[in-house]
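S.K.: Chain order of the listed sequences is G and S. Numbering-wise (this note's numbering), the first sequence opens with residue 536 and increments by one. Numbering-wise (this note's numbering), the second sequence opens with residue 168 and increments by one.
Keep in mind that the hints were calculated from the coordinates and are not lab data. It should be emphasised that the depicted structure is a prediction, and the values quoted were computed from it without experimental measurement. Note that CB positions come from ideal geometry on N, CA and C, so glycine has one too. Treat the hints with care, as some may be off.
What the hints assert, rightly or not - To be clear about the criterion: a stretch of chain G counts as covered by chain S if any three or more of its residues have a C-beta under 8 angstroms from a C-beta of chain S, and this derived list gives those stretches:
| id | stretch |
| --- | --- |
| 1 | 575-583 |
| 2 | 605-614 |
| 3 | 634-647 |
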Amino acid sequence: GAGVSQSPSNKVTEKGKDVELRCDPISGHTALYWYRQSLGQGLEFLIYFQGNSAPDKSGLPSDRFSAERTGGSVSTLTIQRTQQEDSAVYLCASGTSSGELFFGEGSRLTVL
Amino acid sequence: GQNIDQPTEMTATEGAIVQINCTYQTSGFNGLFWYQQHAGEAPTFLSYNVLDGLEEKGRFSSFLSRSKGYSYLLLKELQMKDSASYLCAVRDGSDYKLSFGAGTTVTVRA
Chain G
536 GAGVSQSPSN KVTEKGKDVE LRCDPISGHT ALYWYRQSLG QGLEFLIYFQ
586 GNSAPDKSGL PSDRFSAERT GGSVSTLTIQ RTQQEDSAVY LCASGTSSGE
636 LFFGEGSRLT VL
Chain S
168 GQNIDQPTEM TATEGAIVQI NCTYQTSGFN GLFWYQQHAG EAPTFLSYNV
218 LDGLEEKGRF SSFLSRSKGY SYLLLKELQM KDSASYLCAV RDGSDYKLSF
268 GAGTTVTVRA
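Please construct the entire structure, taking both the sequences and the accompanying hints into account.
M.R.: This is the structure:
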């Protein structure tokens, strides 16, 4: 596709369940980021993939959060045993190492 | 790492000019970006500075001083549609990681 695609756009889950959020970056982009944004707040960095380098996981808030990027393309963010404080919009962005980032529309997660 | 500061909120009148300042402290620098984010939407790219000076793009201009760790985004001839959050972001010089400030919410009043 022409842009960054994220799915699902909305996810409502019960506390304690696991969720997977998917990101399809723009083809050829080596950089991929996951951010989290709560209502009215700024972007909270979660994880950064750059080419074949080891990902920067320094922003993951707990060991319940993990992410992988397969074949240098599609990425999946997994949240295990979800908690209510995990409710937020999860944004994925991709770009080249020297250029701007392009954001997806986000996945809105609501944990009941 | 990066430490990026920008004001939380600004209010201005339609047709006026607003300047949003951003200061940063970084262990390495490879460019500064400004993004615009309307409520409920994803951020979109506005401008990029890597060298000192002013970059002008229509009603929006962005300035950078690397020695001072300072940038500003200037919005001229404000329109109601400019009401949004403006995010300053700094790219690290070693791993190219982009870190964002908390954003400045600009409200344009008639």
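S.K.: Each hint needs a verdict: does it hold in this structure or not?
M.R.: Consistency of the hints with the structure:
Given as covered by chain S, the stretch 575-583 of chain G passes the check, having 5 residues with a CB less than 8 angstroms from a CB of that chain where 3 are the minimum. Evaluation of the coverage hint for the stretch 605-614 of chain G: breached, as 0 residues show C-beta separations to chain S shorter than 8 angstroms, against a requirement of three. Evaluation of the coverage hint for the stretch 634-647 of chain G: fulfilled, as 7 residues show C-beta separations to chain S shorter than 8 angstroms, against a requirement of three.
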